[in-house]
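Whenever a hint applies, use it, and build me the whole structure from the sequences.
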Amino acid sequence: MTVAGLVFSNVYDGALPELTARRTMAAVPFGGRYRLFDFALSNMVNSGISRVGVITHNNYHSLLGHIGNGKDWDMSRRSGGIKILPPLVRAYENGGANILPTTRLEALEGVIGFIASSAEENILFSDCDTVCNIDLRELFEAHRRSGAGATVLIKKMTIKERLGSGQRYFCEVGEDGFLTDVYAAGRGSFSGDLLTDIIIFKKDYLLSELSRAISHGGRDFYRDVLAVSVENGQVFSHRFEGTLMRISSLEDYFDHSMSLLEKEVRDSLFCNLSRPILTKVRNSPPTVYKEGSSVKNSYIADGCTIEGSVENSIIFRGVKISRGASVRNCVIMQDSVIGRNAELCYAISDKDVAVRDGRKLFGYKSVPLFMPKGANI
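In numbering that gives the first Met the number 0, the protein residues as written are 0 to 376.
Take these hints with a grain of salt, some might be off.
Below, simulated BS3-like cross-link-like pairs (lysine-lysine); rule was C-alpha separation at most 27 Å, straight line [what the hints assert, rightly or not]:
| id | residue 1 | residue 2 |
| --- | --- | --- |
| 1 | K364 | K295 |
| 2 | K372 | K319 |
| 3 | K319 | K364 |
| 4 | K279 | K319 |
| 5 | K154 | K364 |
| 6 | K289 | K359 |
| 7 | K155 | K262 |
| 8 | K295 | K262 |
| 9 | K82 | K201 |
By construction, these hints were calculated from the structure, which means they are not laboratory data.
Okay, here's the thing in structure tokens:
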């Protein structure tokens, strides 16, 4: 059974506007040294997929710089590898306005050529707002056994997770494992499972369904493609029981980042030697802990200089915490500098932020203070 991958890099950008103003959702930093894209791509690579298309929309310069030629994921290949699929821009007669695709279905219409030209028999979809480490070969096997046109990865969520799920879709599953209903968050019962947006299609079935939906003026992938397939009994399910994080807001981003301080969560994501989460290599020196520094329950990447105190925080590569500074319950991204005697609590700093000496900045757990990229505070 052969599979090609399709990654949606911009879907749900609007859920995290603070961090996607200058980058795609795929390029959002996470976990000290990773981008959200790394989880989707690593899951594919670790499951034997060697051909991946990345659907882009806008603001993807940062993502291109991160991917490079794909060598860090062993995807720099003459045959297969990573292919960036730019948006299909249509020119209409009304003044020649250029119109970008606005829905998932329109984005798929723009990459039908990639799908049709793939030699693989199946196409796997994945979004970039999902953080998990999964053996997709189990999904592939469930898909093969079912004989269905599509198989979706589902996850049981708590009531709290459902209420904070944003623009998500849920499903009801029959005793035979086939889906019986698909509905948007808040419009169905609380008994359903979350659709993780990791879906595998038979290629020919996908092409026929896309052609049907597009020819009938469809715009919504879930309503015009997936829901119709559910009605026709063509969508099977495979349940995932491991750690899975969905990022629907800045609060979600902060909460899931803080969960990395729990050993069980870190182990489930990063400690499976057969399924490593791969990322762009940056040859940084080890972190330096100066005399008088203090670090408690924190996740600190390489290349940092720690002179002050850090507690319950995620510190990315190349960050400097100056002498006398106190950083508690924070996410501090790459190459930021926290000045002398500054104090931060419940804050998220984007890249290259400078907090000047003596500043005191406080947020709240449910409303973390956000400092945009390159800010000088």
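### Given hint K295 paired with K364 - CA-CA distance at most 27 Å
holds (18 Å)
### Message
Checking one constraint from the list: CA of K372 to CA of K319, max 27 Å. Satisfied?
### Response
With a Cα-Cα distance of about 16 Å, the restraint between K372 and K319 holds, given a limit of 27 Å.
### Query
Hey, K319 versus K364, does the alpha-carbon distance stay inside 27 Å?
holds (23 Å)
### Message
Against the 27 Å threshold, does the CA-CA distance of K279 and K319 hold or violate the hint?
### Response
Roughly 21 Å separates the two Cα atoms, so the pair holds.
### Query
Straight-line Cα separation of K289 and K359 no greater than 27 Å?
Roughly 22 Å separates the two Cα atoms, so the pair holds.
### Query
Are K155 and K262 close enough, with their CA atoms no more than 27 Å apart?
With a Cα-Cα distance of about 22 Å, the restraint between K155 and K262 holds, given a limit of 27 Å.
### Message
Please verify whether K82 and K201 have alpha carbons no more than 27 Å apart.
### Response
holds (20 Å)
### Task
Measure nothing beyond the straight line between the CA atoms of K295 and K262; if it is 27 Å or shorter, mark the hint as holding.
holds (14 Å)
### Query
Has the given pair, K154 with K364, been kept, meaning a C-alpha gap of at most 27 Å?
holds (26 Å)
Going through the hint list in order, the structure satisfies each hint without exception.
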